[in-house]
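Novice: Start from the sequences and build out the full structure, keeping to the hints where you can.
In terms of full-length UniProt numbering, the sequence shown opens at residue 1 and continues consecutively.
FYI, nobody ran anything at the bench for these hints, they're computed from the structure.
Note that the coordinates shown come from a computational prediction; the quantities given were computed from them, not determined experimentally.
The C-beta atom is built at its ideal place from N, Cα and C for all residues, glycine as well.
Heads up, a few of these hints could be off.
Pair ranges (Cβ atoms, derived) [unchecked claim]:
1) Glu765 x Leu730: 15 to 25 Å
2) Asp217 x Thr23: 52 to 62 Å
3) Glu119 x Ala21: 20 to 30 Å
4) Val417 x Thr579: 50 to 60 Å
5) Ser192 x Asn29: 22 to 32 Å
6) Ser191 x Gly849: 28 to 38 Å
7) Ser287 x Gly849: 52 to 62 Å
8) Ile620 x Asn402: 38 to 48 Å
9) Ser952 x Glu765: 31 to 41 Å
10) Val194 x Phe727: 19 to 29 Å
11) Gln347 x Lys278: 35 to 45 Å
12) Thr579 x Pro172: 49 to 59 Å
13) Asp217 x Pro182: 14 to 24 Å
14) Thr579 x Lys794: 15 to 25 Å
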Amino acid sequence: SRFCYSHICLYLLPIFSQWDAITEMDEQNRPIHTFQVCHVMEPNQNNWLRSGWIQRQAAQRVYVELRFTLRDCNSIPWVSGTCKETFNLFYLQTDDPLPAATRFRPTDYAKVDTIAADESFTQTDLGDRVLRLNTEVREVGPVTLKGFYLAFQDVGACIALVSVKVFYKRCPATIRNLAAFPDTVPHMDSSSLVEVRGVCVENAEERDTPKLYCGADGDWLVPLGGCFCSIGHEEMDGYCRACRPGFFSAYAGNKKCSKCPPHSSSHDQAATICHCDKGFYRAIKDSSTMACTRPPSAPRNLVSLINDTALFLQWMPPADTGGRKDITYNILCQRCDGSDGDSGVTQCEPCEPDLRFIPRPLGLTGTSVAIIDFATHANYTFHVEAVNGVSGLGVAARSLANVTVTTHQAGPALVGVVRKDWASQNSIALSWSQVEQAPPDIVDYEVKYYEKEQEQLSYSSTRTKAPSVVVTGLRPSTVYVFHVRARTAAGYTAYSPNFEFFTTPEDPDIADQGQVLVVVTASVGGFSLLVILTLFLLITGRCQGYIKARMKSEEKRRTRFHSGHVPFSGIKTYVDPDTYEDPTQAVEEFAKEIDPSYICIERVIGAGEFGEVCSGRLRIPGRMDIAVAIKTLKGGYMDQQRREFLREASIMGQFNNPNIIRLDGVVTKSKFHMSNCSFFECSHFSLFPSQIMSFYPFSSGRPIMIVVEYMENGALDSFLRTRDGQFTVLQLVGMMRGIAVGMTYLSEMGYVHRDLAARNILVDENLVCKVSDFGMSRILEDDSEAAYTATGGKIPIRWTAPEAIAYGKFSSASDVWSYGIVMWEVMSYGERPYWEMSNQDVILSIEEGYRLPAPMGCPVTLHQLMLHCWQKESGQRPHFNSVLSFLDKLIINPSSLLTLVNDVFPDSPEDMPDYPLFISIGDWLDSIKMSQYKNNFLAAGYTTLDSISTMSIDDIRRIGICLIGHQRRIISSIQSLRLQLHHIQQSGFQV
1 SRFCYSHICL YLLPIFSQWD AITEMDEQNR PIHTFQVCHV MEPNQNNWLR
51 SGWIQRQAAQ RVYVELRFTL RDCNSIPWVS GTCKETFNLF YLQTDDPLPA
101 ATRFRPTDYA KVDTIAADES FTQTDLGDRV LRLNTEVREV GPVTLKGFYL
151 AFQDVGACIA LVSVKVFYKR CPATIRNLAA FPDTVPHMDS SSLVEVRGVC
201 VENAEERDTP KLYCGADGDW LVPLGGCFCS IGHEEMDGYC RACRPGFFSA
251 YAGNKKCSKC PPHSSSHDQA ATICHCDKGF YRAIKDSSTM ACTRPPSAPR
301 NLVSLINDTA LFLQWMPPAD TGGRKDITYN ILCQRCDGSD GDSGVTQCEP
351 CEPDLRFIPR PLGLTGTSVA IIDFATHANY TFHVEAVNGV SGLGVAARSL
401 ANVTVTTHQA GPALVGVVRK DWASQNSIAL SWSQVEQAPP DIVDYEVKYY
451 EKEQEQLSYS STRTKAPSVV VTGLRPSTVY VFHVRARTAA GYTAYSPNFE
501 FFTTPEDPDI ADQGQVLVVV TASVGGFSLL VILTLFLLIT GRCQGYIKAR
551 MKSEEKRRTR FHSGHVPFSG IKTYVDPDTY EDPTQAVEEF AKEIDPSYIC
601 IERVIGAGEF GEVCSGRLRI PGRMDIAVAI KTLKGGYMDQ QRREFLREAS
651 IMGQFNNPNI IRLDGVVTKS KFHMSNCSFF ECSHFSLFPS QIMSFYPFSS
701 GRPIMIVVEY MENGALDSFL RTRDGQFTVL QLVGMMRGIA VGMTYLSEMG
751 YVHRDLAARN ILVDENLVCK VSDFGMSRIL EDDSEAAYTA TGGKIPIRWT
801 APEAIAYGKF SSASDVWSYG IVMWEVMSYG ERPYWEMSNQ DVILSIEEGY
851 RLPAPMGCPV TLHQLMLHCW QKESGQRPHF NSVLSFLDKL IINPSSLLTL
901 VNDVFPDSPE DMPDYPLFIS IGDWLDSIKM SQYKNNFLAA GYTTLDSIST
951 MSIDDIRRIG ICLIGHQRRI ISSIQSLRLQ LHHIQQSGFQ V
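Specialist: See below:
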């Protein structure tokens, strides 16, 4: 119980003995001890009864509960006019009990109240033994000394005092957010709260300073901060319990202990890691939450293919990957040219270093490799080894697949030494000699060449009938590798050995031959060719400028994110996905891929621009199920739609804040098979297979989904509309605070939301508000005027700052403007900003200085904050961290929320917004789209602006306006009109 009772005993004072101590039996034969007095027949009664000395203890405000019976004077025969039906309660504060011989002086006692009975008994009630008890509670104090006495004065009533209970209120010891808070006594001032700091429970760590505020009625209010369980522990009934054997918790937090991943176990309590079973391992970079794995088996179906220029090896992945996806392959090569004559054993040695593997011999991620520059008529044995992240950790045989290849050509090489005759920036002249006894039927020669640093299977070739060639189109200052082979009637011979030659460095003073030719041709060809050349140079320059711009943008993006740059606030800088040349890279970098078999869809909860939105469960093996919302991309999507759909995920994946909607992952790559679909395993599954087929592009086999946390109460605007008037102002301020926390985080990251509105705030079951909708691409509302189209997309006019509407200048300051509109939505319980005004009227009204009036019941301080957010100059608006600090002060001192807007007038004209002045009742109603009620006002006698400024909500109802939304709109406008008229009258003008 939140009440702490101190029971006291009463005794009769020796000076006055008109109150009698009597014990009676009630109807259940239980004794009732009472003090009674009934001297109604005698005039001038003054009978006193005093309590013993009561210690104040920790109380500052004391309450007295009296239970008593009182007889109706009319039921007493022959009673005089002195009969009363009330008695008086007094108290006296002292630091010590009064001595027994102290004379009782009524003048020392302060009166608390005169006590009257709600029910009195009669003579009939006495005969029927009906006990009509009255209960009254009175506040005594403030009490500041160590103790006090209570005194009761009878002035001529027939009364029986059955019990007196003295108590004070306190906020009881409690545990909130894993922090313990002690018993706390409220302040004497009922409008102020007592801030109490909590202490984390055992095995918990402080996240943010845990605080609660003790209210005057003994209620804990406004929980802030909290603790989370240390590693090896989980939250259970408000405490942190050690993980059981077989479970572990690797990170501090309020999540449940996870079951040990496959092939691992824990045998002790409070385990922070599960150790791998025998034969299984974790790589150094593996997290402790990953399953233990083992090396893979050997690659399968290794085959070879050889042509005139290259040898190709291909294979299939291992049948057993060891439970890992980081499979790579190494190519090991041996050359076996013969056998030992004595033993008959084939002699093998490592392959020659000139052998080239394309793309490389080690660390291959693909399942094929090309080999060039091999020897003719040689036996090669290739070993393909499969490795993964744990291959080097265990004592196990290597996972090898083998193949032996014999190389052969049409004949031996017929080309001798290749020489460089001369070289320029872009050309090299080569010649070569033939070997002795070369056949006379050489058809031609093939010259193959490539850059030495080139690591791909690509080369150029040219043919010539003479034993010389000039190779053109080369790069300056570059090493090229050349091979030459002959072609006879029997086919190609082997290539000559490798020969490496340089091109000369680039010299700006020497014009290239091609350039000279172009100039000469241009001068001879005339003006038309000059025009063509000019256009070519312009196009080339633009392309180069575009390429440089893209390179600078990419470099800037990489520097900004991958350098680990963190601003002074400790929050990472937001990276725009549009800076990626391929937006898919942003999704892969910031969003976690989820296997679709882990997702269980339960029901459709809405529809978006790209597809349905469903609720369901995320069932990751080894973890507890969590409720999620699933955004789906409908089948038949275009590639552009896919990129736009996943863009929001690449934005959300960068955020980590309790007031920002959490991204659990995406589904973009995994194949989907109906036969293995775990969706049908859900006990509450309510979708028909035909409905499921509409979610996913099964023709491609790849479902596209975004999985986020599930918010039970949905969007804030609709949530408030269905609960109109059900929350206290303090609760509404708490919702605004949560939104401010999320927006402060976003602004510090450098992210501009552009579409902050109550419809884009989601509410969970604990009334925590979280910022969502980072796409800014869907249709905002159903009507055609919902958005104002400008460069950069659609703009929600009613929520957007003037500079963003006019010039497209979005910033954190424009988000602050939108936040002020969200505050107005919260205080009006989801009413539409600017009501039925058109978008054009909204733009013009704001430009003329009009601002939304305060909703009914809105505190002055909150409306002032809204007006501060709606400053025309963006630089004069507060920052989000200032807004958050201001709201925290309001929460700590809720008495500042008691003064409502309609209770005050501005002190000076500067304090009042510049609202437009209307000429007539009709103009005023037209401006707020309520012209249908013009006759109601005129029929009721309201013909001037001055007359309507005094109207109340009851007056609005009386003239026949029944719709609650219309009543609110009219009374809000009257409040702003009242302020304007007051300002005009104060200035000396007449209306």
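Novice: If a hint holds in the structure, say so; if it does not, say that too.
Specialist: Hint check results:
Between Glu765 and Leu730 the C-beta distance comes to about 19 Å, which sits within the given range of 15 to 25 Å. Range check, Asp217 to Thr23: Cβ separation about 36 Å, and the 52 to 62 Å hint is violated. A C-beta distance of roughly 24 Å is found between Glu119 and Ala21, which places it inside the suggested range of 20 to 30 Å. Range check, Val417 to Thr579: Cβ separation about 53 Å, and the 50 to 60 Å hint holds.
Take Ser192 and Asn29: their Cβ atoms lie about 50 Å apart, and the range 22 to 32 Å is violated. Take Ser191 and Gly849: their Cβ atoms lie about 35 Å apart, and the range 28 to 38 Å holds. In this structure the supplied range 52 to 62 Å holds for Ser287 paired with Gly849, their Cβ-Cβ distance being about 57 Å. Separation of Ile620 from Asn402 is about 40 Å and conforms to the stated range, judged on CB atoms against 38 to 48 Å.
In this structure the supplied range 31 to 41 Å holds for Ser952 paired with Glu765, their Cβ-Cβ distance being about 37 Å. Val194 and Phe727 have their C-beta atoms about 23 Å apart, which keeps the hinted 19 to 29 Å range intact. Remark: the range hint 35 to 45 Å for Gln347 to Lys278 is upheld by a beta-carbon distance near 40 Å. Taken as a hint, the range 49 to 59 Å holds for the pair Thr579 and Pro172, whose Cβ atoms sit roughly 55 Å apart.
Distance hint check: the CB atoms of Asp217 and Pro182 are about 18 Å apart, consistent with the given range 14 to 24 Å. Distance hint check: the CB atoms of Thr579 and Lys794 are about 22 Å apart, consistent with the given range 15 to 25 Å.
In this structure, the earlier hints numbered 2 and 5 are contradicted, and the remaining ones agree with it.
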